[in-house]
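Asks: Listed below, chain by chain, are the residues.
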Amino acid sequence: MPPHPVRANHPLDMFALFRRWPASTRRNLVYTALWSSLIGIVLTVLFALTGTRSAVPIPKLLGMTLLTSNTIGFLIHGALAALRRIAPHATARRTWAVRTCQVMLIECCAVLGFTVPDALLHGVDPYTALVRDGALAPMLPMGLVVTAITMAILATNERRLARETAAAQHQQQIAEAGQLLAEARLRTLQAQIEPHFLYNTLANVVSLIGSEPDRARHMLERLIDFLRASLAASRADQATLGAELDLAAAYLDLLAVRMGARLRWRIEADEGCRGVNIAPMLIQPLVENAVMHGIEPKMEGGEILVRAACAAGVLSVEVSDDGMGLGAAPPRPGGGVGLSNLRERLRSLHGPKAQLQLLENRPSGVTSRLLLPLPPPRPLDQA
Amino acid sequence: MTTALLADDEPHLLSYLEEQLALAWPDLKVVGRAPNGVEALRLIDELAPDIVFLDIQMPGLNGLQLASRLSAGGASPRVVFTTAHEQYALQAFDSEAFDYLLKPIRLERLQRTVDRLKETLAQQPQTPTSAPAPETAAQLAAMLRQLGVPVPNAPAAAAPSSAPLQWIRAAQGQETRLIAVDEVIYFQSNDKYTSVFIADGEHLIRTPLRQLREQLDEQKFWQIHRGVIVAAHHVAGTRTDFRGRLLVKLKGRPEELVVSRNYAELFRQM
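Which chain is which? The protein sequence lines are G and C, in order. The first sequence runs 1 to 383 under the working numbering. The second sequence runs 1 to 270 under the working numbering.
Please keep in mind that the hints were generated in silico from the structure rather than gathered at the bench. From a predicted model like this one, the values you see are computed outputs, not experimental measurements. Be a bit skeptical, because a hint or two may be false.
Calculated cross-link-like contacts (lysine to any residue; reagent style SDA-like; alpha-carbon spacing at most 25 Å) [unchecked claim]: (1) C:251 - G:339; (2) C:249 - G:166; (3) C:251 - G:173.
Bound-form chain G, shown alone:
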């Protein structure tokens, strides 16, 4: 199937009024009659005003012009429809071959349209009229004028159609991105209000209140930071890298208190990068994966390192752990390791310019590498 099915457009589609009726064979035939007759009438008025054909009475002139314009109009209509039928793919792609064919067909139709009705009216054999010395010569430039006008209208209409299709696709992409973001928000919210995380964290706070009240308070403050940041992130369309890294830091800090010596973590980010705008909740799932699949299942624990750098128009965020590695991870219910939604979001946000790579670390563990195109620098007054 061609990317966009061929939508037969008509010269009258130039006018918004005529676009109110959806394209169909019957509509296009009516439009061709209308369009050709309009041209015929305009030409007759021009002839009458300029006095070019003053020898012919006006009603007869009108009849002749209408006949000629309608003949040309329907011949072109038929020829172009036939071309679409014969080569639908090429027509949709608007190749040069198709363009050449269109030009030649329209030219032929115009010449035929100018000659044949005229000859028939005068009782001459159209073939003789065509091949008679010198009869074809004045018809060619007239045909060219018709061709030029028709092609120009055709091309304009096609361009408008292409523009509308692209706009519709863009709209759909925006809608898809919005839907994926909504899903990601829901998922993140579910993950944070994930009972294990919340209850375990609170259980730790309770266990520390008596023995180490300062530590308990620190933990509660970090939990509040984390909930506040993740709720904010789950509502915003745009976040900064710095805010997303703070969210990751609050999360890792909480887990480090809970897991004790088993979890060590570091975040290293270029200072210049922290202000970069990125979509929210692209990094958090990678950090959660590193904890859940990397460090938690490993008895001796390990280290998580989050690194962010921007260079050559690309923001690179790496989340590395020296944990169990994915090879040992049991397949999660729901498929994969929850990265498919993230991948789809990347695709709808940045197309092929964004990438998510998973790398195996030596001697153990996984690095998730997120590559995002850097947005153009913001004007200072907006910052």
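With the hints as your guide, set chain C onto chain G.
Replies: For chain C alone, kept in the frame of chain G given last:
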């Protein structure tokens, strides 16, 4: 004197449980504390406590796996599970747990458990388990799977070698890329190597296609040519070209793949 062993991978929770137990049962002697399931199993073997308090989510062996091993091994301690979430309650009782405590543990609730434990221990100091002992690790793993427990670190026998491949390792310069099998669009044989095509590019791996085929899920990956295996869910459709060859169109990649005559039947029935 009654003895107990506590196991939890979160150190503060372990200390807190010990403090609470000291209040609820001052006579109880805590003989061991374990930060993971493997250590807990070792200490139980060594110290033979009367009661074990097991966290369910632990690295190495989780609490449920540990309990199943205990009940498989003759004289067993009373098991009290502790967890932050009810999710495992049913499984816990399936594995003949004595009780099930939700964290954060309340003293009143713990007191009830302690009272019941005292009663039971006074009546029958030791009960031989009635649970059938699974004979092999594979049986144990199968049993655990039936209970819905993921078995990450079970012995090799637990993971049948015919399990379909999940991850593909591809060298990329100095790095090793990990590619989820679900991400693969198609594999193409390339001499001794195999090209793995995903949406954002091509990766070369050393495993020959023939060997790879045996590790792939037949339902999800279809061989369409001697040298090509395509992921079923990435097939967008088929068409016949002017030479009469059947071509497969793909989601996520522009190229079309030729289906050889021997495999064309695969699509005829669609």
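Asks: Against this structure, judge whether each hint is valid.
Replies: Here's how the hints hold up against the structure:
no. : hint          : result
1   : C:251 - G:339 : holds (19 Å)
2   : C:249 - G:166 : holds (23 Å)
3   : C:251 - G:173 : holds (17 Å)
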